[in-house]
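Chains as they are written, first to last, in our numbering: chain A, 1 to 830; chain B, 1 to 122.
Simulated from the structure, these hints should not be mistaken for lab results. Virtual Cβ for every residue (Gly too), placed ideally from N, Cα, C. It is possible that part of the hints are untrue.
What the hints assert, rightly or not - Facing chain A, a subset of chain B residues (Cβ under 10 Å, in silico): (1) P70; (2) S81; (3) K93; (4) V115.
Claimed, not checked - Mimicking SDA-like on lysine to any residue, the simulated pairs with C-alpha atoms at most 25 Å apart in a straight line are: (5) A:K527 - B:T32; (6) A:K599 - B:E47; (7) B:K41 - A:D566; (8) B:K25 - A:E256.
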Amino acid sequence: MENTINIGIDLGTTNSAIAKFVKGDVIVFNNPLDYGRSTLPSVVYYKKDRIVVGNKAKEYLERDPKNVVGLFKRKMGTSESFQIKSINESKTPVDLSAQVLKELKTFVNTGDTLESIVITIPASFDSIQSNATKEAGKQAGFKQVVLLQEPIAASLAYANMKKSKELTDGNWLVYDLGGGTFDVALVRIKDGEMKVIDHEGDNFLGGSDFDRLIVEKLIIPKISEQYTFDDLENQMKSASGKYNAKYYSLLNQAEEAKIRLSAVSSAEIIVERMKDEEGNEVDMEITITKSEFNDLIKDSIDGTIDMIKTILTRNSLTSNDVQFNLMVGGSTFIPFVRQRVEEVLQIPANCEIDPTTAVAIGAAYYAATKPKEISKDSSEKKQYSISIKASYNKASKETDELFAARIKGNTEGLFYKIVRQDGGFDSGLKELSERINEDLPLVENAYNFFTLTVYDNQNNVIETGIEPIGINSGFGISGQPLPEDICLEVDDYDNPGQTRLALIFERNSVLPTKRTLTFPINKPILKGNESDRLWINVYEGPQTSLPEANKLIGVIEISGKQVSRDIAKGSDLEIAIMISESRDVTVSGYLNMSDQEFKNVFNPKERDTNITLLKGQVTDLSSKLDEEIELATEKEDYETASALSKVKKEMEAVADEAESLTDDDVTDKRYQLEDKKRKIAQKIDSATKNKRLQKATDYYYETKAACEELIENSGNDHERKTFNDIVSQESAFMATKSPLKIQEKSDEFHSIIGQIRWRTPDFLKGIFGSLLNDQAKMNDQSQAKSLIDAGNFAIESQNWDRLREINFGLLDLLPRGSKEDITTKIGFGL
Amino acid sequence: MMEPNFKQYKAYFELLDQLFEIERKLENIEETNSISRNLNKMKDIFETNLFSSSTSSDIGFTYHNPIGEPYNETRLDVEASIAGNSTENLVIKEVIKPIIRYKSGGSTLIARKGVVVVESKN
Numbered sequence: 001m002e003n004t005i006n007i008g009i010d011l012g013t014t015n016s017a018i019a020k021f022v023k024g025d026v027i028v029f030n031n032p033l034d035y036g037r038s039t040l041p042s043v044v045y046y047k048k049d050r051i052v053v054g055n056k057a058k059e060y061l062e063r064d065p066k067n068v069v070g071l072f073k074r075k076m077g078t079s080e081s082f083q084i085k086s087i088n089e090s091k092t093p094v095d096l097s098a099q100v101l102k103e104l105k106t107f108v109n110t111g112d113t114l115e116s117i118v119i120t121i122p123a124s125f126d127s128i129q130s131n132a133t134k135e136a137g138k139q140a141g142f143k144q145v146v147l148l149q150e151p152i153a154a155s156l157a158y159a160n161m162k163k164s165k166e167l168t169d170g171n172w173l174v175y176d177l178g179g180g181t182f183d184v185a186l187v188r189i190k191d192g193e194m195k196v197i198d199h200e201g202d203n204f205l206g207g208s209d210f211d212r213l214i215v216e217k218l219i220i221p222k223i224s225e226q227y228t229f230d231d232l233e234n235q236m237k238s239a240s241g242k243y244n245a246k247y248y249s250l251l252n253q254a255e256e257a258k259i260r261l262s263a264v265s266s267a268e269i270i271v272e273r274m275k276d277e278e279g280n281e282v283d284m285e286i287t288i289t290k291s292e293f294n295d296l297i298k299d300s301i302d303g304t305i306d307m308i309k310t311i312l313t314r315n316s317l318t319s320n321d322v323q324f325n326l327m328v329g330g331s332t333f334i335p336f337v338r339q340r341v342e343e344v345l346q347i348p349a350n351c352e353i354d355p356t357t358a359v360a361i362g363a364a365y366y367a368a369t370k371p372k373e374i375s376k377d378s379s380e381k382k383q384y385s386i387s388i389k390a391s392y393n394k395a396s397k398e399t400d401e402l403f404a405a406r407i408k409g410n411t412e413g414l415f416y417k418i419v420r421q422d423g424g425f426d427s428g429l430k431e432l433s434e435r436i437n438e439d440l441p442l443v444e445n446a447y448n449f450f451t452l453t454v455y456d457n458q459n460n461v462i463e464t465g466i467e468p469i470g471i472n473s474g475f476g477i478s479g480q481p482l483p484e485d486i487c488l489e490v491d492d493y494d495n496p497g498q499t500r501l502a503l504i505f506e507r508n509s510v511l512p513t514k515r516t517l518t519f520p521i522n523k524p525i526l527k528g529n530e531s532d533r534l535w536i537n538v539y540e541g542p543q544t545s546l547p548e549a550n551k552l553i554g555v556i557e558i559s560g561k562q563v564s565r566d567i568a569k570g571s572d573l574e575i576a577i578m579i580s581e582s583r584d585v586t587v588s589g590y591l592n593m594s595d596q597e598f599k600n601v602f603n604p605k606e607r608d609t610n611i612t613l614l615k616g617q618v619t620d621l622s623s624k625l626d627e628e629i630e631l632a633t634e635k636e637d638y639e640t641a642s643a644l645s646k647v648k649k650e651m652e653a654v655a656d657e658a659e660s661l662t663d664d665d666v667t668d669k670r671y672q673l674e675d676k677k678r679k680i681a682q683k684i685d686s687a688t689k690n691k692r693l694q695k696a697t698d699y700y701y702e703t704k705a706a707c708e709e710l711i712e713n714s715g716n717d718h719e720r721k722t723f724n725d726i727v728s729q730e731s732a733f734m735a736t737k738s739p740l741k742i743q744e745k746s747d748e749f750h751s752i753i754g755q756i757r758w759r760t761p762d763f764l765k766g767i768f769g770s771l772l773n774d775q776a777k778m779n780d781q782s783q784a785k786s787l788i789d790a791g792n793f794a795i796e797s798q799n800w801d802r803l804r805e806i807n808f809g810l811l812d813l814l815p816r817g818s819k820e821d822i823t824t825k826i827g828f829g830l
Numbered sequence: 001m002m003e004p005n006f007k008q009y010k011a012y013f014e015l016l017d018q019l020f021e022i023e024r025k026l027e028n029i030e031e032t033n034s035i036s037r038n039l040n041k042m043k044d045i046f047e048t049n050l051f052s053s054s055t056s057s058d059i060g061f062t063y064h065n066p067i068g069e070p071y072n073e074t075r076l077d078v079e080a081s082i083a084g085n086s087t088e089n090l091v092i093k094e095v096i097k098p099i100i101r102y103k104s105g106g107s108t109l110i111a112r113k114g115v116v117v118v119e120s121k122n
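Chain B on its own, in the form it takes in the complex (with noise of 0.2 Å):
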């Protein structure tokens, strides 16, 4: 498999940080102009367009928040820092960059790790 070098695309994770942050305060909000939809826009931009061309298409990128997903040493798609006393039960607790992940065809990497802070459930 290509292993494409992430590094040109700063920008772009950079922008991608941005929509998840303005989807994350839209949770928040009840408004009424739907601009959860030209936020979904330009995911799926992200996502099937902006990379594309003829010969090779449906390459792109997504991120995914993993909030309240499990956590433990194995995983390697995030970057964790650990609060409280106890690391058995980890859950992720706070995000502070999603997980960016290069989607080409079927298959994905990881194009940026997510950041965040985990904690015991227990």
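Pulled out of the complex, with its shape left as it was, chain A reads as follows (with noise of 0.2 Å):
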């Protein structure tokens, strides 16, 4: 445990932050709800049944003020109360205070529980507005409060980054210009102690400021130069006014343009769709310059230089006296606010901390010297014995559901909440009762889980021992799964002349599913030539059999007739396959060359059975069952040999009524033949499985061995990962027996191999000599002998990366034909 505070809180007027400190750094913690943010608007939005804090408080500020509360930090210590119009009851600005420091413990991720924190407040605040503070953190549940100015925390998080020295003593200041008040602080030190002399302000200047100023100088003046309109800066600015919409449109784009402003000097701001008057498309490219923009701020950056100008008269200082200006807020970051503010003043910019997040961490620094003055014992927990009983479909077609829980136990003074893990959904903070009911909108076609969570009215968490809600959208109720995996018969490539299957959705998919895949064909197909063709043949069944076991349930072929023109070989044929909820299957063949899309829609009814295919598939199938058994027999595997010879009865009878059978035969014998063919080829199939199965397991742990040993020498951390992945789920892909599944994690291994090999000194001299060899054949001679003389020296120099690029090189000089030729059945594969 701990003994000091060690956590933070700058509790903004329109942002918060809260930070911790760990053995010597501080994190801040992220906005849960908001990635990449770590900061949290100081907005509280109640609606009836919620509370909001945060962000989408902030959305909703200006345009239902009677229930959305922001800025009220301006307001501590008074006796002035905001009235909430839709729960009738009035908030002062330490309850709401209360509920951003409440959110903000949401933040902690660390586990920590939260009873002693420091929390810093602006240097203009007298006592009275110090203890209305104190107060809001004690509403909060922090049992310690420990009050710090903010120009000191920003100060302190200089002073750390700095480490290696004390600051030494004298005068520096503090200005820190946010997203809407503006505060500088005169800070002195001596002795070591740090204290704020003198501070100034204003709570209405910050970058929306300037957001609004380019949108209204800038942006509508040159629209309405162009175009023609009615007091087009009145006609956005109101909310009845025809172009509101387009005007929060433009202040976003307004405040992109700021931050790049930043970098670059000039940004452009795209105003389109919209009408003018006369019904003229808008349609315009709006250039800043860095040079507009800084005259467009400088009024009020002179209004803060001003400020810092009477703090030093009436504290007799002069610039001399002030060692540096340290920048905090987030407009600090615009370039031209450092360059002025330093150049009027003549006091150093000091802009090495982050301003975004600078009293944060300083509250953190500041903590963890703070011991905690709570004593153990005194923290005693109430025991709160709570249990949800839950129910909700778990699977929805609509765009949300309903979830429905009976809460058992006393719910007087707890909350919950309701969060997307997706980071889509937060139901706000809802007062628990007996019966909670919420929709939850889900995302389409995802899991989608939430998390309920029960706090108590100190926002501590509440242990239910709820599981996570998980709702299947688009599953189940009538998506119907997929009986049978379906695959795509490809060319083999690591087996030449043969296919094999390829899987496009997997067994159990739900229904209705579309994929699309784009390959490289591996052939021409000349125009007007018929027996060019490309196959896109559809199976059902079992991705690790043999194309011919399973149904074929949709087919198209592409011949040299029907294309209108030459397609090249390597030029990509794009296949689409749909099955819809009804099983049909819609199968398109789109070549990219000629801009043409073949389409079939297949009915799981109507098997359509295409007589060349089928005859080329027992003929294949003869010629295959030929070589297992001979094989079978050389290996002396008499059960397998004599089990394929019964099929060779069955697979002859076959053949022989496929060789009569007519192109347009109208008969069901095609079917027939068809079914009898699967059945062959399944038996087939499991005879000769244990065979396929054996020889894929030794190459596998033989590669795996090679791998292994290659890593061990040379492997790099990425390589070893994804090797020791391979392996953790070894005993998994085991276990499904099918040879494909353990040639593919054997084809792993071997990338693996090649990318180790291919910086290892050896592998890539084999490789050179070797092309050495092959000079004679390569297309550009003059080039490559360059690169031969360029190997040559690397070698010398023990440059390998060199060395690698001229291999790579020399490959490319290669002639395309000489590194494959096969015949090809399918037209394209892997």
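Starting from the two chains in their separate frames, assemble the complex, guided by the hints.
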């Protein structure tokens, strides 16, 4: 248990943040509901049944002012309170600050129990305002609240970043220009003690004012110049104005442009999707230059400089008495702000700390020096015994699903919140009652997980033991699962001349489903040449079996007769396969080169059997069978041989029948034959499976050993991890007893081996040597020669990276034809 | 669930934003060159090919155009500016940037929030 407070909060007027000191460093917690941001807008939104704090509340701030409150920090310590219409209650600035503090507690993911805290306050806070802040802390459930002035916090963040030496005695300024407020303080350090001497500020100046200026002073005039509008500015800014929505879209773009202008000298804003009074479509690209922007904000910045001058005069100081001006707050990212202030005052601008989180970081450093003052036994926890019985549909086709739960136990003073785990939904904090009902929005076609968390009135989590709520969208109800794998037949590049199945949809995928794949074709299709053909064969059945053993459910044949031009080898064939809920299979093949699409819909009830294909398969199957029998006999595997011989007889009968079938046969014969063929193929498949499995397994262990050795000698961490990942799945894929699956894993080892080898000098030298032998074959002799010279030099100077590049270069010079020359059946493959 | 750090993908998100813009512009154009096919192909590459490796399949990014969808304060997948006078029955009226989702297997994560303008339906 830590003895110091360690956690600090920047409770800001516009934004708040929370940070923790851990072993000499400070981490700023991220906003769990807003990726990439560590700040929480200090805005609270009350709805009838829930409280929303932060970004979402901020969105409603201007539009629903009766229920949303922001900038309440300015009213801290006054008797003023905010009447909230939706709940018919009034909330004090202390209540509202407590809500923000409670929300910040949910940022802490380190499992700390939060009882002691440092909270920062502006230098301008008097003792009543300070006490009000303390009170807010207490109300949020903190037992010990220590206050710290913001300029001191920023200075501490700086001092700790510098680490090396203590700050020397003297004065500096902390210039804090945020999203909506400006503060400047004069800080003095004497004998190691830091003190705020004086301060000034403007509660209505910040970055969002600059965005507004860009839209009003630059964009609107430029649009009005080119297009016809009646008082565009008013039409945009008035809530009932015609272009009000456009105004917000422009503000967004202005903010982006402002950020870009910190780095580059001009930024574009595109105005489109809007019509002027005469019906002309507005389409403009407005360029905003850095100097235009600087002119725009100059008056505001000069105003801040005047405040600093006032402070200096009041304290009888000159610029020379001030060591530096510490820049804090997001708007000090703007280079002009830094330059202008520095230029006019002649005080160096210090931009060394992250201006958005400096105050929270400083607060955490301070917290690390403050002891906790709560005795452990005083922190007794109330024991809640809550049990939750939840009921909801685990699968849904709706866009949202009703979640209902019954709560047993005392729910008084408790709250709950439901959050979707992808970060897209947050119910807000709602009062817990005996029954809860909540509509949960679902992301289509995905698993949606929600967590329900119960909190006490100080936002401490109450254990309930409820499981995450899991709802499948688009699953189950009418979407039926696929009974078998759906595969595509492709040329098997590992076994030239053979084909194999590539998995398209896995068994139990939910219908409807769709997938598009692209393959480079491996032979040319010449226009008008009927014997040049591509086959798109879609099969139903296990991916691991032979193509002939599965049921052909869709086929498209593209021949030279159908194409509008010659299709070159290597050009893309895009195959789209779609299966509807009623299991109609739509297959389409699109040839990139000719911009032609071939499409067919196959109904599962009317099987389509292509006679040419059937005959071809029967022939292939016969020769495969002969091979297998021969192989089994050779290996003296008589059991397999005799099983196969029995099949052989059936095979011969089928082959005869197929031979006599004419291409336009209208009887059922082809379907019967197709069935028989499939059964034979299945028999061959099961009789030879053991052999293939053994072969694949042996090969797997061989490759694994080779890979392991290479990794040990010259592998990197990434390769080691990939290797270990595969090994850790070993028992799972071995259990499938699928030669193809196991082969796949061997291939993965192979690619690791390849990666490593292409780094090892011996291998690179070997490749280079063999390429030297092929020099005569190369396309560009002069280039080949210069590459070879460079290669020899690379070997001499042991520049292996260079040698690798040279090898690739030389490989490219080899004529394509000599690399691969196989006959292919399908026309594309893996 | 591993929460990937999406910052490194920023450039990819910018590309997706461009695809979204192109798609939106295409809706208003009649053209015979099947540009949408190339566009869909690019979207498909982002969804299935670009980030998948042999050991981890089906990882990718998709974008979603939430135009016309209802909006309220529980929706965290977009950052909204509210236009008009009312905050009841809000719908998304203009999409400045689409929602980008990270897909891994059957589950998804919001990788980048959408930026939208919403207005009351009434």
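Status of each hint after checking the structure:
1. P70: holds, 9 Å
2. S81: holds, 3 Å
3. K93: holds, 5 Å
4. V115: holds, 6 Å
5. A:K527 - B:T32: holds, 23 Å
6. A:K599 - B:E47: holds, 24 Å
7. B:K41 - A:D566: Satisfied, since the Cα-Cα distance of roughly 23 Å is no more than 25 Å.
8. B:K25 - A:E256: holds, 22 Å
Taken one by one, the earlier hints all hold for this structure without exception.
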